[in-house]
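**Student:** What follows is the residue order along each chain.
There are 2 protein chains.
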Amino acid sequence: MDVKIGISSRHIHLSKEDLYELFGENYKLNKLKDLNQDDNYSCVETVDIENEGNIIKNVRVVGPVRDKTQVEISKTDSYLLKINPPVRNSGDLSDASLITIIGPKGKIKRNCCIIATRHIHISMEEAKKLNYKNFDIVNVKLNSIKGGIINNVYIKYSKTENCELHLDLDDANAHLLNNNDIAQIMEVEDE
Amino acid sequence: MDVKIGISSRHIHLSKEDLYELFGENYKLNKLKDLNQDDNYSCVETVDIENEGNIIKNVRVVGPVRDKTQVEISKTDSYLLKINPPVRNSGDLSDASLITIIGPKGKIKRNCCIIATRHIHISMEEAKKLNYKNFDIVNVKLNSIKGGIINNVYIKYSKTENCELHLDLDDANAHLLNNNDIAQIMEVEDE
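These protein sequence lines map, in sequence, to chains A and B. Our numbering applies: residue 28 is where the first sequence begins, and numbers increase by one. Our numbering applies: residue 28 is where the second sequence begins, and numbers increase by one.
Hints may contain errors.
Identical chains share a label here; the pair holds if one copy fits it or two copies do between them.
Keeping only pairs whose Cα atoms sit at most 30 Å apart, straight-line, the calculated BS3-like set for lysine-lysine is [claimed, not checked]:
id : residue 1 : residue 2
1  : K31       : K156
2  : K168      : K31
3  : K109      : K84
4  : K84       : K132
No wet-lab data here; the hints were simulated from the structure.
Bound-form chain A, shown alone (with noise of 0.2 Å):
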């Protein structure tokens, strides 16, 4: 089965107490653009991370605000900022690395920093239309020269119109992929 792929960058989520700690008392995220999955969207709103002195500047806010603060980049973020963050999926933070996340207004630490897994937006209709379930792991075959099938995919039930293949900046670099590319949904997973 076909599916689009997205590429997500280094962002981050906050919550709103830590929103109001880095930009001041109640203040708004001012929305970029919409995403295409649940109510999210990209933030005008940027932070820099910060490990011992390495630092990445302008990391994206995606809002809306969330119950808890979370950093997702990629490994080769990690080897520059000098953290070690397991993969995990988006709202498990066990074992996340602390990073210090710097805004305009002020400064926070927090044990929040992960690897997303790879993962794929769908609704629960269409899932279920497909035999997936909720956490479901799936293989993704990537089509480009330097293609292949990635494995430990999740399905990821979403208020979504149209699935999506959600991917990192290594995973989609690694595989000369770019925004809207199509890769192809194989078999669930063995475990």
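Please arrange chain B on chain A, whose structure you already have, making use of the hints.
**Tutor:** Relative to chain A, chain B alone:
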């Protein structure tokens, strides 16, 4: 069949003429470390590479000198430099990207920048035992939580004790791999 992984960072091979232009007449490269294949060695020397003001500094020179100068980078590097190099076997510079190379004594501009194909260095003797021919294309299984199967991996006869899979930094980081990790060579691809 198991194969050890070697990760190639961006690097440059120099012709004798270009070495002299960049480092001075009759300059001799200084060995830093032997590499595992043929008589290749990484050098103390580095150069900067540049395209239209976009620069990557300290690109390692790999000796000995060759017939043709060749720069090997990753897709991630190519976005930084704003060039679009083709994926090529080492030595094949057809459609290679134009790049400026800056050394301590001079600066040259060459159509010599490529993204290297994934390849496996193997001795002719071992390859023949395993029924692989030079330039055969195989699939390789990579083992990690972000693993999978990579296509279009070239068999490359080399003077080498131990067969080794060479991946660029994008492939390594996307699949969370380190030097000396073990992968599995799968079947020869049908073309």
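**Student:** So, for every hint listed, does it hold in this structure?
**Tutor:** Hints and how they fare:
no.	hint	result
1	K31 / K156	within (18 Å within a copy, 42 Å between copies)
2	K168 / K31	both (12 Å within a copy, 24 Å between copies)
3	K109 / K84	both (15 Å within a copy, 20 Å between copies)
4	K84 / K132	within (15 Å within a copy, 34 Å between copies)
The structure meets every hint from the earlier list without exception.
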